[in-house]
Amino acid sequence: MSDSAIISDRPLPIGSRGHLATGWWGMLTLILTEGALFAYLFFSYFYLASHALGNWPPSGPPSLDISVPGTVILIAGSLVVWWGERGIERGNSRPLALGLAAALILGIVFVSMQFYEWSRQPFKLSTDVYGSLYFTITGFHMLHVIAGLLILAVLLLWTALGHFDAERHAAVSIGALYWHFVTVVWLAVFFIFYIAPTLT
Amino acid sequence: MSYQYTFGPAIDPITRLGWALGIVALSVVAIIAFLLIGGVFRRRAPSSQRLAESKDAGGVSWIYIGTGISSVVLIGCMVWTMIVTAAVSRPPGLPALTLQVTASQWWWSVRYLSPRPEDVFTTANEIHIPVGQPIRIELMSADVIHSFWIPQLAGKMDVIPGITNVTWLQADKPGVYRGQCAAFCGAQHAHMALFLIADTPRDFAAWREHQLTETPPDSLTEQGRQVFEAHCGVCHAVRGVVPAGVRGPDLTHLMTRRTLAAGLLPDQPGDLAAWIVNPQRFKPGALMPAQLLSGAELTAVTQWLSTLN
Amino acid sequence: MIPTIEQNRTPVIAGSPNTEKLRRIWEGKPGLAGWLSTVDHKEIGKRYIVTAFFFLLIGGLEALAIRVQLARPNQTLLSPERYSQLFTMHGVTMIFLYALPVLSGFSNYLWPLLLGSRDMAFPRLNALSYWVFLFSGIFLYSSFPLGKAPDGGWFNYVPYASLAYNPGPNIDVYALGMLLLGISTTVGSINFVVTLARTRAPGMSVNRVPVLVWGTVTASVGNLLAVPAVSLAFFLLWMDRQAGTHFFDSTTGGQPLLWQHLFWMFGHPWVYAIVLPAMGIVSDALPVFCRRPLVGYTAVALSTVTTMVLGFGVWVHHMFASGLPLLSLSFFSAASFVIVIPSAVAVFAWIATIWTGRPVYTAAFHYFAGFVLLFVIGGVSGFMTAAVPVDWQLTRTYFVIAHLHYVLIGINVFPVLGGIVYWFPKVTGRLMNEKLGKWSFWIAFTGFNTAFFPMHVLGILGMPRRIYTYADQLGWTTPNLIVSIGAFIFGAGILLFIFNACVSLRNGTPAGDNPWDASSLEWSVPSPPPPYNFAVIPIVASRYPLWEDAMNEGPERSSIYTGMLLDKGRETIGTSPLDAEPDVILRMPGDSSLPLLLALAMTALCASMLAHSRWGVYSSALATFIVTALWLWPQRTLAQVDR
Chain A
-17 MSDSAIISDR PLPIGSRGHL ATGWWGMLTL ILTEGALFAY LFFSYFYLAS
33 HALGNWPPSG PPSLDISVPG TVILIAGSLV VWWGERGIER GNSRPLALGL
83 AAALILGIVF VSMQFYEWSR QPFKLSTDVY GSLYFTITGF HMLHVIAGLL
133 ILAVLLLWTA LGHFDAERHA AVSIGALYWH FVTVVWLAVF FIFYIAPTLT
Chain B
61 MSYQYTFGPA IDPITRLGWA LGIVALSVVA IIAFLLIGGV FRRRAPSSQR
111 LAESKDAGGV SWIYIGTGIS SVVLIGCMVW TMIVTAAVSR PPGLPALTLQ
161 VTASQWWWSV RYLSPRPEDV FTTANEIHIP VGQPIRIELM SADVIHSFWI
211 PQLAGKMDVI PGITNVTWLQ ADKPGVYRGQ CAAFCGAQHA HMALFLIADT
261 PRDFAAWREH QLTETPPDSL TEQGRQVFEA HCGVCHAVRG VVPAGVRGPD
311 LTHLMTRRTL AAGLLPDQPG DLAAWIVNPQ RFKPGALMPA QLLSGAELTA
361 VTQWLSTLN
Chain C
154 MIPTIEQNRT PVIAGSPNTE KLRRIWEGKP GLAGWLSTVD HKEIGKRYIV
204 TAFFFLLIGG LEALAIRVQL ARPNQTLLSP ERYSQLFTMH GVTMIFLYAL
254 PVLSGFSNYL WPLLLGSRDM AFPRLNALSY WVFLFSGIFL YSSFPLGKAP
304 DGGWFNYVPY ASLAYNPGPN IDVYALGMLL LGISTTVGSI NFVVTLARTR
354 APGMSVNRVP VLVWGTVTAS VGNLLAVPAV SLAFFLLWMD RQAGTHFFDS
404 TTGGQPLLWQ HLFWMFGHPW VYAIVLPAMG IVSDALPVFC RRPLVGYTAV
454 ALSTVTTMVL GFGVWVHHMF ASGLPLLSLS FFSAASFVIV IPSAVAVFAW
504 IATIWTGRPV YTAAFHYFAG FVLLFVIGGV SGFMTAAVPV DWQLTRTYFV
554 IAHLHYVLIG INVFPVLGGI VYWFPKVTGR LMNEKLGKWS FWIAFTGFNT
604 AFFPMHVLGI LGMPRRIYTY ADQLGWTTPN LIVSIGAFIF GAGILLFIFN
654 ACVSLRNGTP AGDNPWDASS LEWSVPSPPP PYNFAVIPIV ASRYPLWEDA
704 MNEGPERSSI YTGMLLDKGR ETIGTSPLDA EPDVILRMPG DSSLPLLLAL
754 AMTALCASML AHSRWGVYSS ALATFIVTAL WLWPQRTLAQ VDR
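Chains as they are written, first to last, in the working numbering: chain A, -17 to 182; chain B, 61 to 369; chain C, 154 to 796.
For the record, the hints were derived by calculation from the structure and aren't laboratory data. Be aware that a few hints might be false.
Short derived list, chain C residues pointing at chain B, Cβ under 10 Å [to be verified]:
#1 F207
#2 A314
#3 L447
#4 V529
#5 S772
Now the in silico label distances, taken between C-beta atoms and shown as ranges [as the list claims (entries may be wrong)]:
#6 A:F28 x C:Q395: 22 to 32 Å
#7 C:P298 x B:P177: 51 to 61 Å
#8 C:Q395 x A:V93: 19 to 29 Å
#9 A:R102 x C:G321: 52 to 62 Å
#10 B:R102 x C:S746: 34 to 44 Å
#11 C:S483 x B:V89: 40 to 50 Å
Backbone N, C-alpha and C fix where the C-beta goes; we use that ideal spot for every residue, glycine too.
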């Protein structure tokens, strides 16, 4: 007598269907490991900060006038991606395309603002420990944003080619998950570099 | 370098703990070996059954008992460890002496501190201390990570650039104690030894007095002194003659030391001359370049150095 | 829109079907193209093992060179610089290029067969992880013939590894090679975690999976959390060396100890990652030769996970002599004692299995029984170093070298050798020669203990690590000679083992499906297994499907020869994470050249960074993007898109 009660006569879905797709789980584990990377970056920041002599940051807390709008823009980007994903869940690829395109534009704006922010800092990567940390950590985040922009662009292309419908849009969910991860990491980076120094 | 037996309060409680842990370790190995061999070879009734055991459960009491006993032993050792750590964390009394040891690739500078500035002096690769008194040692690095280790007197303490680590030790028995750098620091890590000599208080006082004196000039070796000043003074200091050199070991009273080149060569004129001519032969990679001296110059400088008693 | 591909299907249940169709579906392409593009997990597993053994032999030669140099005092066979490169590369090779890859090889080959599945969750990613591993090994070794191999020890402490003290490319090769290898390890770990979570046979709930699977998935989760620390450490070091940053430079506010923290936060979990799967091999194979199920399966599975979790809390025990505050050192010392406890659970489980079982004295059994003793010796020497003040004497001496080799050779190599003997018939269809197997065990075991036991003594006699020579009057001379002789004997044992494997490949006794009368699913398929693994997906009812008839555990029976057919393409069943209830039919990719291309692009990126070539970096980054996009392009055959 076999334990075949575990197999029923119910039909099973086939292939990449939402959170049953192996790619979804793969993205979760990727986020786990990339999240760990940022955790170690933050550890390095706090370790070096706690051993620093003199003021920290050496030139005082960085100004908020670019980073706060940048944060709002990234959050808005996540929101429109979320909205677009809801659209394709109902089978509408138009909201999806709009959402992806809007997020792409918002992301490009964020990157441009970041480059501008970098250019106006009084320190460079090689100036001191703080400069090394600032550009390395925001730089790692930027790399992840740029990877996210490439993902959004490719998803937009696939949407335009009509690849997604209500049943099959795992790539969108997976890409959206990554984009939200990038936003959450930015919130941590923003807090540590821009908010925390004003609190102490 | 063996630390089966040690000679001071900075290390003796640790040695006792180490022996005890070693006995526990060997006992565990013996017991497990016994159980393993017993299990493998014990006689079992002949059986034609396909399996020895037809239930999945059973035998778990081995795990409970074995892990239970192991845990008790582990906790006991852990508690003893914490007690010993606390016991050796500070000297039994105020340090009699503070030394600043600066480690470089591949030698040790030793600076004797004193509340009176005129009693401060520097030597290299050899430490003298009075017996039976705690000595405080401040450790600094001039380049990479090294580790200060005189096994019969204290555990290791790393020497890390940018940090001043502090350790202490005490020798309860007069004698010569060998140490060696215990962190990989480059090509000649293997040849970065040091010697610590524990003297009776009277001998130590005499040694220290002597270190503070300057060797009087001697017309017979004047030429050698000039060769030294011209070729060697850039890196090496001799108090009263060439005060400035800090890139190499301080050579004041060089002949009172037991060894040259951080424990590598005996402190004899022949070895000294051979070292000066070609340090790379003995310590390839050492930062002291070979000296281009004529035969006469070499003889003269060696003779002069031999007067640094 | 009317869908054109299948949306849902009730899987056909079949019993012992004609397998010709399945064979055609799953067979790879022939010839060189097929060899370069295969995604067959069995192929990839074999490659991992063979490549890892190749590196094992190279690392062994490096060790023997070291032992010749140290056999007598004051020898000049090796210059100090060459010696530094040899001991560094010996460590790097064994720890990174042998120890984890060989276990990845076992797991890659075996997991789908153990789990009742047709492939890993990500077949192409599997191929990628192998290619990147191979290329990172070549990348690291390319420095050797140029005399520029890494020379700062495998642990690579700054400032010695910084540009000021190490201006050549040696350390940059190490740093960039490790970034590349980290990618291999990470994608491999992702594959294992998702495979376990999603692709098991129906009924294989988590309390029924083999212990090797527990060990590997634990190691994989550990790696996902730990590898970023070392990748980051090497990246920051590369930046300090090449971009003028100041992370580790004490003269400008950097901290040398930051390197040590990041390195050991990775390093300690890593050493558990390279032994827990091997312990799983023993937990699965030893019971077969004791003719009973493993004692305390649940305890062993939990102890595996506990060890890994605790393994994240002990890293400072590699830094006990660095002058950190005693409060901190005491915490890590206590944690290092506690981590012995789950290991004790495993040891007593194995001993109980032997004692209450009926041992069969095959060659494989020798390796597993010998392993238990070596595990305990390695464990107790570790226990001694857990005591922080005692470690102040023992650390950085030959005592630690003894400890680490007992745990690495004892807990990785010996189970690997036993595992090879055990699974050789399944992989090749032939048994290894038993007599040669026992001889190679005894020679290796004797040689190993002769080489490494005296190192405990040398450590207590004060011999530091990483010294290229020593003086005669320190009492180290005779033990060193014994060690060197033992090393050569051990090497001979390994060579004899490899000779046995080669000879048995051609002339070994043909093996049937289940020559050992083992209990797990892989022994239900032919030896060697067909490309599709299982003709039908089994339904699992216990931990030992093939022993159920002989066990007294109730009426449930696994169904091995009747189950889901899934032959409408490359298909396997997707199941829920805990209880393994079927919830989706997964479509698997076939052979593809993209993994090889992506691996080449990533290697080119690291090589460009080494050569400071901007154009190289841009073009290889572009290539990486293009290949990745092609890889992820939605495909009809994978049911990712509906047109």
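Here is what the structure says about each hint:
no. : hint                        : result
1   : F207                        : 28 Å, violated
2   : A314                        : 9 Å, holds
3   : L447                        : 9 Å, holds
4   : V529                        : 5 Å, holds
5   : S772                        : 38 Å, violated
6   : A:F28 x C:Q395: 22 to 32 Å  : 25 Å, holds
7   : C:P298 x B:P177: 51 to 61 Å : 57 Å, holds
8   : C:Q395 x A:V93: 19 to 29 Å  : 24 Å, holds
9   : A:R102 x C:G321: 52 to 62 Å : 38 Å, violated
10  : B:R102 x C:S746: 34 to 44 Å : 57 Å, violated
11  : C:S483 x B:V89: 40 to 50 Å  : 27 Å, violated
In summary, the structure is inconsistent with hints 1, 5, 9, 10 and 11 from the numbered list given earlier, while agreeing with the others.
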